[in-house]
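**Student:** Sequences are here, hints too, so could you generate the full structure?
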Amino acid sequence: MKKVLLSSVVLAALIFSGCSSKDPSIDATKDTSNQGAQASTSGETVSTGIDGGDSNEMSMSGLESKLQSVFFEFDKYALTDDMQSKVVGNADMVKGDSHGYVVKVEGNCDEWGSDEYNYALGLKRADTVKASLINQGINAERITMVSYGESNPVCNEKNKECWAKNRRVDFKLLP
Amino acid sequence: MRFFIWLWCFTFSLLGSDATIEVIKKTDALPLLAVENATSGLNDAVGARFARMLVSDMNVLSIFNVEQETLHVNYNDEPARENRNKDYVLRFVLTQADGTYVTEIKFYEKNHLVLQKRYSISQQDLMIFVAHSIAYDVNERMGEAPVEWMKRKVVFARLTANNLSEIVISDFTLTYQNAVVKGGHNVFPQWGNKDQDVIYYTSLSGVRPTLYRLDTKTGVKRKMLDSDGMMVCSDVSDDGERLLLTMAPGGQPDIFLYQVRSGKYRQLTFYSGIDVGGQFLGDDAIVFISNRLGYPNVFTKKIDSKSVDQLVYYGKSNVACSVHGDYIVYKSRETSNAFSANTFNLHLISTKTDFIRRLTATGVNEFPRFSNDGMAVLFIKNYLNQSSIGVIRLAQNKNYLFPLKVGKIQSLDW
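Order-wise, the sequence lines are chains A and B. The first sequence: position 96 = 96 (the numbering used here), numbered continuously. Take any residue in the second sequence, count from 1 to its spot, add 1000: that is its number in the numbering used here.
Hints were generated in silico from the structure; no laboratory data involved. Each residue gets a CB set at the ideal place from its N, CA and C atoms; glycine is no exception. Treat the hints loosely; a few may be bogus.
[Claimed, not checked] In silico lysine to any residue, SDA-like type, Cα no more than 20 angstroms apart, as pairs:
id: 1; chain 1: A; residue 1: Lys76; chain 2: A; residue 2: Ala164
id: 2; chain 1: A; residue 1: Lys158; chain 2: B; residue 2: Val1406
id: 3; chain 1: B; residue 1: Lys1217; chain 2: B; residue 2: Gln1177
id: 4; chain 1: A; residue 1: Lys104; chain 2: B; residue 2: Gly1206
id: 5; chain 1: A; residue 1: Lys76; chain 2: B; residue 2: Asn1291
id: 6; chain 1: B; residue 1: Lys1302; chain 2: B; residue 2: Asp1326
id: 7; chain 1: A; residue 1: Lys172; chain 2: B; residue 2: Gly1206
id: 8; chain 1: A; residue 1: Lys76; chain 2: B; residue 2: Thr1343
id: 9; chain 1: A; residue 1: Lys76; chain 2: B; residue 2: Glu1334
id: 10; chain 1: B; residue 1: Lys1117; chain 2: B; residue 2: Glu1144
id: 11; chain 1: A; residue 1: Lys165; chain 2: B; residue 2: Asn1162
id: 12; chain 1: A; residue 1: Lys158; chain 2: B; residue 2: Asn1162
id: 13; chain 1: A; residue 1: Lys160; chain 2: B; residue 2: Leu1384
id: 14; chain 1: A; residue 1: Lys76; chain 2: B; residue 2: Gly1251
id: 15; chain 1: A; residue 1: Lys172; chain 2: A; residue 2: Val154
id: 16; chain 1: A; residue 1: Lys158; chain 2: B; residue 2: Thr1160
id: 17; chain 1: B; residue 1: Lys1408; chain 2: A; residue 2: Pro153
id: 18; chain 1: A; residue 1: Lys76; chain 2: B; residue 2: Tyr1271
id: 19; chain 1: A; residue 1: Lys160; chain 2: B; residue 2: Thr1343
id: 20; chain 1: A; residue 1: Lys160; chain 2: B; residue 2: Gly1363
id: 21; chain 1: B; residue 1: Lys1217; chain 2: B; residue 2: Asn1178
id: 22; chain 1: B; residue 1: Lys1194; chain 2: B; residue 2: Asp1283
id: 23; chain 1: A; residue 1: Lys172; chain 2: B; residue 2: Arg1208
id: 24; chain 1: A; residue 1: Lys104; chain 2: B; residue 2: Asn1162
id: 25; chain 1: A; residue 1: Lys172; chain 2: B; residue 2: Gly1251
id: 26; chain 1: A; residue 1: Lys158; chain 2: B; residue 2: Thr1362
id: 27; chain 1: A; residue 1: Lys104; chain 2: B; residue 2: Asn1163
id: 28; chain 1: A; residue 1: Lys76; chain 2: B; residue 2: Gln1252
id: 29; chain 1: A; residue 1: Lys76; chain 2: B; residue 2: Lys1316
id: 30; chain 1: B; residue 1: Lys1408; chain 2: A; residue 2: Cys162
id: 31; chain 1: A; residue 1: Lys165; chain 2: B; residue 2: Ala1161
id: 32; chain 1: B; residue 1: Lys1408; chain 2: A; residue 2: Asn159
id: 33; chain 1: B; residue 1: Lys1151; chain 2: B; residue 2: Thr1173
id: 34; chain 1: B; residue 1: Lys1106; chain 2: B; residue 2: Glu1069
id: 35; chain 1: A; residue 1: Lys76; chain 2: B; residue 2: Gly1273
id: 36; chain 1: B; residue 1: Lys1408; chain 2: A; residue 2: Val154
[Said to hold, decoys possible] These stretches of chain A come out as covered by chain B in the derived footprint (C-beta under 8 angstroms, 3 or more residues):
id: 37; segment: 124-131
id: 38; segment: 146-153
**Tutor:** This is the structure in structure tokens:
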């Protein structure tokens, strides 16, 4: 017995209500916030004058390049003695030539996971470094933190040396 | 004697309803199905591509042995001679008129027409969703458990370079992809409502991690709030009114409950280590990941109580999970080695039994997400430099992988 179910279905407005028009695309580098502007995206700088702005940027970039990254053991966020001495060296620079800048402490992890826990591990590394900077006399108000988890590797090869390079905290200067 | 036979049958029926019990593959016993392409008025490549979509979707249904070759036929003829020995034939024809793409299907059982249906859609790049709807209807005609999840959209973050990632809406096979947030460093997207037209995501482009709300119908983006160190929307309540956030105002990642209407929030966890990945468990409890025992594991607590209970007792590094009813699927590290590749697998447990079922075998498997009906799990698989979306069909004991061609999947929601 042939049973034929015949139905003519117009789906555009029903099943694909969420897809009936292509989802609009936005450019995240342009802030369309209704609640006022959040901090500008990375890479943008605001200068008060052409000469002064360029000079500040050069100076900040030059100082930043002297701040050394701090590395961590696998799945750990405690500072080893040699890494602690690096933080002390960086703290001296932050108190000296870089005293006019905010310090952004960036936590990073190796490639073993993109879940929240890995980001939290990166944050705990950044927080350990922040605590050490404060112990060296840096005002906590001058320090901001972020974790990039596994999304900001400096090395993409699949070996232990590369993974070790990615388990790190970087230092950036902000005006 | 009759009693023991009855007891044996009853015991197996109980086991069969437990998703932690592994189902033995029955590939040889599945009925044969062939897909026939009757498209003639459009470019051959369009019809051939749609045929591949249908073959893939029929495979994912896991109820057929699907013939990989697709015959070209006339729509109104009987099933092709080569296919008359098949148990089932699915025939389709594509036409286009006035900017509308129309798909008609005939579904034959033992050469008898049992289902005929017509679908129309306005955009060709959404054809994969027509294939998913056809699969849904065929599955329903076969009397199988619903596969509503096939028609849902996936949102994921795609890493394209260091500190550069975009938010992409796709189907579960990644055939359809539309980047809705481009530029900058955007991670952890989360659907904000059941209609899937609101997305919460984190921008790491500014000084502080910031949560944004994007209305995909209008394209309007709104800043919600920010936090030093970390800001992630981990889950949205069923009614879209409450969010579980991970924030770190004092450098300690903890879980917060955020009220969407009022903008008010309160802290739910207070551990000095790591508390992340909160997910609603009913209306009054959450499940989350914490390292409060010295290693990451899955815990639960009532929203209005300070008491915390351990939920998973297997594995020493369980760093992500998804919950549906009594079932928990979690990511567990199988190896803990700084000097060689590590394996992370997904495991399924029930809070009602002691069974543990391993769902994956190789690579880094993470970000498990139950479907709404709990019958499937979506996850990210990274293996040999290839990033894929995986679908696990729990009752059928089958896994399917859909690789991403460019970039790496950071996180997803279903």
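**Student:** Are the hints correct? Go through all of them and say.
**Tutor:** Hint by hint, here is what the structure shows:
{"no.": "1", "hint": "A:Lys76 - A:Ala164", "in the structure": "holds (12 angstroms)"}
{"no.": "2", "hint": "A:Lys158 - B:Val1406", "in the structure": "holds (19 angstroms)"}
{"no.": "3", "hint": "B:Lys1217 - B:Gln1177", "in the structure": "holds (16 angstroms)"}
{"no.": "4", "hint": "A:Lys104 - B:Gly1206", "in the structure": "holds (11 angstroms)"}
{"no.": "5", "hint": "A:Lys76 - B:Asn1291", "in the structure": "holds (12 angstroms)"}
{"no.": "6", "hint": "B:Lys1302 - B:Asp1326", "in the structure": "holds (16 angstroms)"}
{"no.": "7", "hint": "A:Lys172 - B:Gly1206", "in the structure": "holds (13 angstroms)"}
{"no.": "8", "hint": "A:Lys76 - B:Thr1343", "in the structure": "holds (18 angstroms)"}
{"no.": "9", "hint": "A:Lys76 - B:Glu1334", "in the structure": "holds (18 angstroms)"}
{"no.": "10", "hint": "B:Lys1117 - B:Glu1144", "in the structure": "holds (19 angstroms)"}
{"no.": "11", "hint": "A:Lys165 - B:Asn1162", "in the structure": "holds (15 angstroms)"}
{"no.": "12", "hint": "A:Lys158 - B:Asn1162", "in the structure": "holds (16 angstroms)"}
{"no.": "13", "hint": "A:Lys160 - B:Leu1384", "in the structure": "holds (16 angstroms)"}
{"no.": "14", "hint": "A:Lys76 - B:Gly1251", "in the structure": "holds (16 angstroms)"}
{"no.": "15", "hint": "A:Lys172 - A:Val154", "in the structure": "holds (15 angstroms)"}
{"no.": "16", "hint": "A:Lys158 - B:Thr1160", "in the structure": "holds (18 angstroms)"}
{"no.": "17", "hint": "B:Lys1408 - A:Pro153", "in the structure": "holds (13 angstroms)"}
{"no.": "18", "hint": "A:Lys76 - B:Tyr1271", "in the structure": "holds (17 angstroms)"}
{"no.": "19", "hint": "A:Lys160 - B:Thr1343", "in the structure": "holds (15 angstroms)"}
{"no.": "20", "hint": "A:Lys160 - B:Gly1363", "in the structure": "holds (17 angstroms)"}
{"no.": "21", "hint": "B:Lys1217 - B:Asn1178", "in the structure": "holds (13 angstroms)"}
{"no.": "22", "hint": "B:Lys1194 - B:Asp1283", "in the structure": "holds (16 angstroms)"}
{"no.": "23", "hint": "A:Lys172 - B:Arg1208", "in the structure": "holds (13 angstroms)"}
{"no.": "24", "hint": "A:Lys104 - B:Asn1162", "in the structure": "holds (17 angstroms)"}
{"no.": "25", "hint": "A:Lys172 - B:Gly1251", "in the structure": "holds (18 angstroms)"}
{"no.": "26", "hint": "A:Lys158 - B:Thr1362", "in the structure": "holds (16 angstroms)"}
{"no.": "27", "hint": "A:Lys104 - B:Asn1163", "in the structure": "holds (15 angstroms)"}
{"no.": "28", "hint": "A:Lys76 - B:Gln1252", "in the structure": "holds (15 angstroms)"}
{"no.": "29", "hint": "A:Lys76 - B:Lys1316", "in the structure": "holds (15 angstroms)"}
{"no.": "30", "hint": "B:Lys1408 - A:Cys162", "in the structure": "holds (18 angstroms)"}
{"no.": "31", "hint": "A:Lys165 - B:Ala1161", "in the structure": "holds (17 angstroms)"}
{"no.": "32", "hint": "B:Lys1408 - A:Asn159", "in the structure": "holds (19 angstroms)"}
{"no.": "33", "hint": "B:Lys1151 - B:Thr1173", "in the structure": "holds (11 angstroms)"}
{"no.": "34", "hint": "B:Lys1106 - B:Glu1069", "in the structure": "holds (18 angstroms)"}
{"no.": "35", "hint": "A:Lys76 - B:Gly1273", "in the structure": "holds (12 angstroms)"}
{"no.": "36", "hint": "B:Lys1408 - A:Val154", "in the structure": "holds (16 angstroms)"}
{"no.": "37", "hint": "124-131", "in the structure": "holds (count 5)"}
{"no.": "38", "hint": "146-153", "in the structure": "holds (count 7)"}
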